[in-house]
Structures are given as C-alpha cells and as structure tokens.
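Read off the chains here:
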Amino acid sequence: MHQALVTVVEDICGRYGFDRTRMTDIVIAVQQRLGCVSTEAMEIIASKVNSHRVEVESVVTFYAFLSVKPRGRVIIRLCKDIVDWMKGYDEVADAMAKELGVTMGETTADGGITLTSTPCIGMSDQAPAALVNDVVVPNLTPERGRQVIRDLRRHLDPAQLITMVGDGNNAHPLVHSMVRNNIRRRGPVHFDGFESGCALERTIDQTPENVIATIRASRLRGRGGAGFATGQKWEFARNASGERRYVLCNADEGEPGTFKDRVLLTECPDQVFEGMTVAGYALGSDSGIVYLRGEYAYLRAFLENVLETRRRQGLLGKAILGKPGFDFDIRIQMGAGAYVCGEETALISSCEGLRGDPKNRPPFPAQKGYMGCPTIVNNVETFSAAARIMERGANWFAEMGSERTTGTKVLSICGDCRKPGVYEVPFGITARELLDMADADNPGAMLIGGPCRQMIGPERFGGQICYDDLATGGAILIFNRARNKLEIAEHYLDFFIEESCGHCTPCRVGLVLLKEVVHKVVSGAGEPSDLDYMRRLANVISQTSRCGLGQAAPNPVLGALQNFHTLYADMVSDRKLGLLSTFDLSKAVADAELRVGRMSQYV
Amino acid sequence: MSTPSKPRVATTSLCGCFGCHMSILDIDERLFALADLVEFARSPINDYKEFDGRCAVGIIEGGCCNEENVHVLEDFRKHCNILVSMGECAINGGIPAMRNNLPLRECLEEAYLKSPGIWNPAGILPNDIEIPLLLHRVYPCHEVVKIDCFIPGCPPPADAIWDTVVALLTGKPVTLAYERLKYD
Numbered sequence: 000m001h002q003a004l005v006t007v008v009e010d011i012c013g014r015y016g017f018d019r020t021r022m023t024d025i026v027i028a029v030q031q032r033l034g035c036v037s038t039e040a041m042e043i044i045a046s047k048v049n050s051h052r053v054e055v056e057s058v059v060t061f062y063a064f065l066s067v068k069p070r071g072r073v074i075i076r077l078c079k080d081i082v083d084w085m086k087g088y089d090e091v092a093d094a095m096a097k098e099l100g101v102t103m104g105e106t107t108a109d110g111g112i113t114l115t116s117t118p119c120i121g122m123s124d125q126a127p128a129a130l131v132n133d134v135v136v137p138n139l140t141p142e143r144g145r146q147v148i149r150d151l152r153r154h155l156d157p158a159q160l161i162t163m164v165g166d167g168n169n170a171h172p173l174v175h176s177m178v179r180n181n182i183r184r185r186g187p188v189h190f191d192g193f194e195s196g197c198a199l200e201r202t203i204d205q206t207p208e209n210v211i212a213t214i215r216a217s218r219l220r221g222r223g224g225a226g227f228a229t230g231q232k233w234e235f236a237r238n239a240s241g242e243r244r245y246v247l248c249n250a251d252e253g254e255p256g257t258f259k260d261r262v263l264l265t266e267c268p269d270q271v272f273e274g275m276t277v278a279g280y281a282l283g284s285d286s287g288i289v290y291l292r293g294e295y296a297y298l299r300a301f302l303e304n305v306l307e308t309r310r311r312q313g314l315l316g317k318a319i320l321g322k323p324g325f326d327f328d329i330r331i332q333m334g335a336g337a338y339v340c341g342e343e344t345a346l347i348s349s350c351e352g353l354r355g356d357p358k359n360r361p362p363f364p365a366q367k368g369y370m371g372c373p374t375i376v377n378n379v380e381t382f383s384a385a386a387r388i389m390e391r392g393a394n395w396f397a398e399m400g401s402e403r404t405t406g407t408k409v410l411s412i413c414g415d416c417r418k419p420g421v422y423e424v425p426f427g428i429t430a431r432e433l434l435d436m437a438d439a440d441n442p443g444a445m446l447i448g449g450p451c452r453q454m455i456g457p458e459r460f461g462g463q464i465c466y467d468d469l470a471t472g473g474a475i476l477i478f479n480r481a482r483n484k485l486e487i488a489e490h491y492l493d494f495f496i497e498e499s500c501g502h503c504t505p506c507r508v509g510l511v512l513l514k515e516v517v518h519k520v521v522s523g524a525g526e527p528s529d530l531d532y533m534r535r536l537a538n539v540i541s542q543t544s545r546c547g548l549g550q551a552a553p554n555p556v557l558g559a560l561q562n563f564h565t566l567y568a569d570m571v572s573d574r575k576l577g578l579l580s581t582f583d584l585s586k587a588v589a590d591a592e593l594r595v596g597r598m599s600q601y602v
Numbered sequence: 000m001s002t003p004s005k006p007r008v009a010t011t012s013l014c015g016c017f018g019c020h021m022s023i024l025d026i027d028e029r030l031f032a033l034a035d036l037v038e039f040a041r042s043p044i045n046d047y048k049e050f051d052g053r054c055a056v057g058i059i060e061g062g063c064c065n066e067e068n069v070h071v072l073e074d075f076r077k078h079c080n081i082l083v084s085m086g087e088c089a090i091n092g093g094i095p096a097m098r099n100n101l102p103l104r105e106c107l108e109e110a111y112l113k114s115p116g117i118w119n120p121a122g123i124l125p126n127d128i129e130i131p132l133l134l135h136r137v138y139p140c141h142e143v144v145k146i147d148c149f150i151p152g153c154p155p156p157a158d159a160i161w162d163t164v165v166a167l168l169t170g171k172p173v174t175l176a177y178e179r180l181k182y183d
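Residue numbers (numbering that gives the first Met the number 0), protein chains in the order written: chain E, 0 to 602; chain L, 0 to 183.
Think of the hints as simulated: they come from the structure by calculation, not from any bench. Only a predicted model underlies this, so the values are computations on that prediction, with no experimental measurement involved. Quick reminder that beta carbons are idealized off the backbone N, C-alpha and C, glycines included. Mixed in with the good hints, there may be bad ones.
[Unchecked claim] Some chain E residues judged to face chain L by a derived CB distance under 7 Å, without partners named:
(1) Met570
(2) Asp590
(3) Tyr601
[Stated by the list, open to error] Far from chain E, by Cβ distances over 12 Å, these chain L residues were calculated:
(4) Lys5
(5) Met21
(6) Pro43
(7) Ile44
(8) Asn119
(9) Glu142
(10) Val143
(11) Gly152
(12) Ala166
(13) Gly170
The following block holds chain E by itself, in its conformation from the complex (with noise of 0.2 Å):
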C-alpha cells in the first residue's frame, strides 16, 4: 500500500523535475489523482524535492481545493457570491442539501458526493452556479439542483451532466462546457477578430525599446484595475538586472462578479498569448506563465492545445517568425481555490511553489519578481490589447476611450438586469449607460468592482467609467431599490473574511470586527456612535493592512456610508441608557440556571 503511494507521488515528482518551485504542481496532481493530500503523501513529496513536510503542508492547507483527508469522489462546489444570493442561492443549496441528506461542507456517508459552497467562480451572469469538480452547471434552481443530486448519484461522473453546450468556443471538443459567453457588445478591441502572428509581424521589424514605446504611446493603463501604465511597468522591468526575465498573465479573476477574462480566455486566447509574447520580445524574456484560476480548470485542455498549435505555427517556441534569438514560451500554472493569488506578489509567490502569501513591497516585482528576477504580471485583457496596439497602432487605441483614459474596457455586467454578460465600450461611458444598455430592473445602487469598489448611488450614476472617475477592473454589479446596501456590504466582508491570508491582524481581525458592528447595524439594534465606529475601523483597515486585499475590503462599507449616509442614519437610534440590546442576560445565565437548579433573580 505504502509502496504504491511511493510510487505515484514519486512519478508525479519526477513528471515536474523533482523541483520544489513547481509545489503547487505537484500537489495538485496529487490531489487530483488520489483525491487528497494525505500527510503520508506530503512526506513523500518533501523527500523527494528535497524540502520539509511542513513546507508542503503550509501549501496544501492554504489553498481551497486542497485537501489533508479525502473528500468526496464528486465534490459539488456551490457559489456563493453576491449575485448567486441575490439569485436564489439558499433555496438551491437547501433544496441540493435535502436531497443529498447532508448539510453544507458534509460527505455522503458513502464517500460518495460532498456539498460545500465556494466564493464566485466567475459565473454571475448565469447565476447561481455551482463547479462539480471542474464541470460547470450554472443556471441553477432548486429542482435543477435536485436533478443533479439524482443523476451524480447514479454515475458519480460530472462529465454525464453536460446535455448541452455553449455558444462560441464552449461547444468546442476541448472545453464542453454548458457555459454561455453572453457577449452582449462587441469592441474593436477584443471582439474583433484576431489573426494569429499579425502583431508579432509588426513586432519583430522594431527594437524592443520601440515596442515599448508604442505601448506607452498608446497610454494602456493595467486592465485589472489598479491602473498601472502598461508601457511604464514593461520599461522598468527592461531596465531592471536580473538573468532572466519573466511575463506573468494574470488569470486569476477572482474579483466577486467578474468573468470578462473567463470569456476573453474562451474566445479570444491567440491574442492574449500573443500579447505575452510581443512583451517578451520588448523584455528580453523568454519565459511566461499565465496563472489560470482552479475555478477555470475546464478551460485548460484547450488553452493548452492552442499553446500547442502556436508552437506549431512558429509562434512560440525558438526563434519565432524565424526571428533569431526571439525565443518565448508560455506555461500555464493553475491556481487552486485562493482569492488573494489574484495580488500579483502572492500570484508570483503561488508560481514559486509557495503559500500564495503577498509579499512585501518594495521591490516591486518589475525589479524583483518570480525567482527573484524582473517580472512583469498583467491582466488578461491588458495583453489582450497590448496584441492589438502592435496591430493596429497606438493612434489608433489613444483616439478610442476619454481624455485620460484610452482604449476601451470589457465590463462584466450583472445581478439586477435583464441582460447580464460582457460588454466591450469605450471609456468614458458613463454609469447610466451601462444600466440602460444592461436592461437594468429599477436600479438603486451600482458596485463599480475593483480596487476601489465603491457603491454608488443613483447621484453618482451620471459618472464615467475611467480611472479618473468610476475606476474598475470590470466588476459591475447591479442592485435595484429594495437591497439594502448594508446587507450586501456584510456579504462581501463574509467574502473577505474567508479569503483573508491571515498574515496581518488589521485585514484578520479587523474584518471580523467590521462584520460584528455592520451585522448590527443591518439587525437593528445599531447606535449612532456605531456608525462612527464602523468608519473609523474601516478606515484603519484600509490604512494598515499589508496587500490590496485588506486595503480594499472595507471599501463596500465605506462606500455605503458615504452615499447612502441617510438610509443608515434611519436605521441607528439612541438606546436608552441601559444593558445594550445585543446582551441577553437569560441567555448568559440560562447554563448556570440548569446547573445550579434556581432560577435568576436579575432575569
């Protein structure tokens, strides 16, 4: 038994070189194929990549996917973000539950099936959805969910529960997938056709300081939100001294109701790759990763294949369009269920095989990166439209989009509309049009996602998208007059909580704190001074915490005290001076009660 398990581990080991970097590889597939990462195996493992056990079980245990004990064959994972609430979460989990006669988290006693819930797996527009290990169901409702429970009972096999496809590359043999794109505005940017190797054609006739130059002409601004100027961060990671250099994607859209780049991967992966590859022609890289989210894992097989037929086509691999010296090649390192790998210094330390842990800045990773040498990583739109600017020139992108901000965005639109999918517009569009263009149901708040993530109220809807106004990586989220902007904040710090690292204590504990006082609020039984409180905390936590996760999460909060001040101002009163209204004194003595045999006499 023991001999068997040495030998699987040892071939998996053996299939990434014995080399502790590629951990998060290796654990993977151990997962994969013996369905968890017993503490056995974790000793193999360090053995042979000459590492420690502990070192291997700090990685299984941080990511969610991962697990010490075996989980069940078919493990149903059911999303739970913003939207899929709004959509009839609690009815499909609990109608999914009854059936299974579990409850959320459990295994059927056969080992069988598992039901937990997970945060958004970039499905909002096709909410609620669940991954049922890496098949997607989305659309779901209770008696939807009832009938998955009976067919996966039947075969135990996820991939008997596809009876359709999507449109566009879900249908292709590669992906399978029930997904629908649900492109709903087409751009010149992104959705307008792409040949492979155009922009690499005009690439290689320039220097690579050239290239610089022309994306830094275009003045493209990083497309996951930060907005950080593309040509800048290339420029500084040129210049920087390392041996090698490296061209990060970042795949790993884990930002509660965005799924552009799930699309722009399904439909349009030559352009991303090839944008990878003209900025590994203007570094002097020969090496890139594109970190695809776990959530994402059905659309691997075909990411790989298209790699496959660009090494094929010469566009990968040595000497590229014959090019001397101009070698690039792309891996694709999966993710594993972790939000804040979505920060690119955890992204790089998740790449390193290590715990998807941020860390500290400076140096910035275009100075030192992935191993230690200069690494740019960027969005998956951002190369995507890097690829066109070298098509079709940087006059053309800068004259597209407002003043300051060029180009256009791809929005991921959703929650209370009738046309939830993915829009290409140029900037400058402004919050009003989006709702009209996105059918919106009676719109009452709108969460512009990303760094900033703010609410914004209807006042605040004449805003423009753009990185001086409305500044977004792409999550729009829809809410109509009857949510209570409060509540979804809560939600989200429920998202936060949950996927804080835990490394510092203002994101570990004072998201916690945050929850404690906004829950109250929500319930009633808030005080005035409770929403100073909230403020300042908030504010603390954003100041102090030590990556973007914990800086930004209290931004919902923030956001819905400011432009909705009166709402909550209604919802706090006075109490009168006295035991306050979250303390119940029979309940604190209820066990003493029973204990002692007599009842209080301050009850």
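We have chain E; now place chain L onto it with these hints.
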C-alpha cells in the same frame, strides 16, 4: 468637607482583583487634591453600597462574570454621565476570561467536584441565593452597557487614572501620553 457643587465620582470592582483600585490609591498625596476636586459617591473607597443621586463619572474595574456584576454595571450606567472601563479585565475580560474557552459545566465541576482535596460526596454545586449565578462566559463591560472611555493597563498606572479623571472633570479631551500606555 464636601460641598454640593463638587462633581460626584463612583467606582466599583466587578470581576477584577482590586488591583486597579490599588492603583487609584497609588496617586499618593494627590488623593488630597482629588478629595478637593470631587466627592465620592458609591465606591469601595468610602464603602457606600448604593447610589443616592447622579454622578459625573463612574469608574469600573473588572468584567462581568456573574449576574450581579451585570446588575451593578447597569446601575452604574443609569446613574453616571460618563462611564469609564478601567484596566484589562473591564476592557478585555482579563484573567477571568480564560475560562471562556471552556463550558461552564466543566469549570464548575473542576472547582467543586473534581479538584484534588475536594470533599463533596453529595456532589452539590453551591446554590445559595446569596451566590450570584455565573454567566456562560466573562464579558468585557462594553459588551454589556455603553462605555464612554477606556483606561488600559493591568493595572493602569496611577498617573493614567489621574490624568483621565482630571481631564473628564475639567471637560478636556482625554489624551494619554505614550509613556502612560507603554508597559515594557
């Protein structure tokens, strides 16, 4: 010696060790200045057990571990304009709160039934009406009533207590210097 115009101050020790009250006495000769400045209402310092009117400031040592603590704290809240949590136990529950990770049953059994040297053949848990019922866990004061001001420390240094009381009574903002909050 007291005149009606003096502000009244009340103090109490709930589930604490009286260390914070020792620290109040530790203001030394300033006790005379304090006596000039205020009149003590209900307090262990004068042993008055009940309130006989409103107070400007109430100072609480200790958290709430039993029903009587809650009752006293509520009484303080009703009678005091400004309520101050003084010291680790009032602010965080302190040493008594170490039992918060254990079920009450285990605590009682350990104390009255299982500890070495206990002779309790009838297995009785103390249930006299004079003995307040324990809460299922120890609460810091601000989870029971609204607290306006906190003086940290175990115990807080006499100077921190003095500075706070003087500032509250003279209507100045309470700011404790770094040295008053630094304990190592």
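Quick rundown of the hints versus the structure:
no.	hint	verdict
1	Met570	18 Å, violated
2	Asp590	5 Å, holds
3	Tyr601	5 Å, holds
4	Lys5	23 Å, holds
5	Met21	29 Å, holds
6	Pro43	21 Å, holds
7	Ile44	24 Å, holds
8	Asn119	14 Å, holds
9	Glu142	6 Å, violated
10	Val143	5 Å, violated
11	Gly152	21 Å, holds
12	Ala166	20 Å, holds
13	Gly170	19 Å, holds
Checked against the numbered hints listed earlier, the structure breaks hints 1, 9, 10; every other hint is satisfied.
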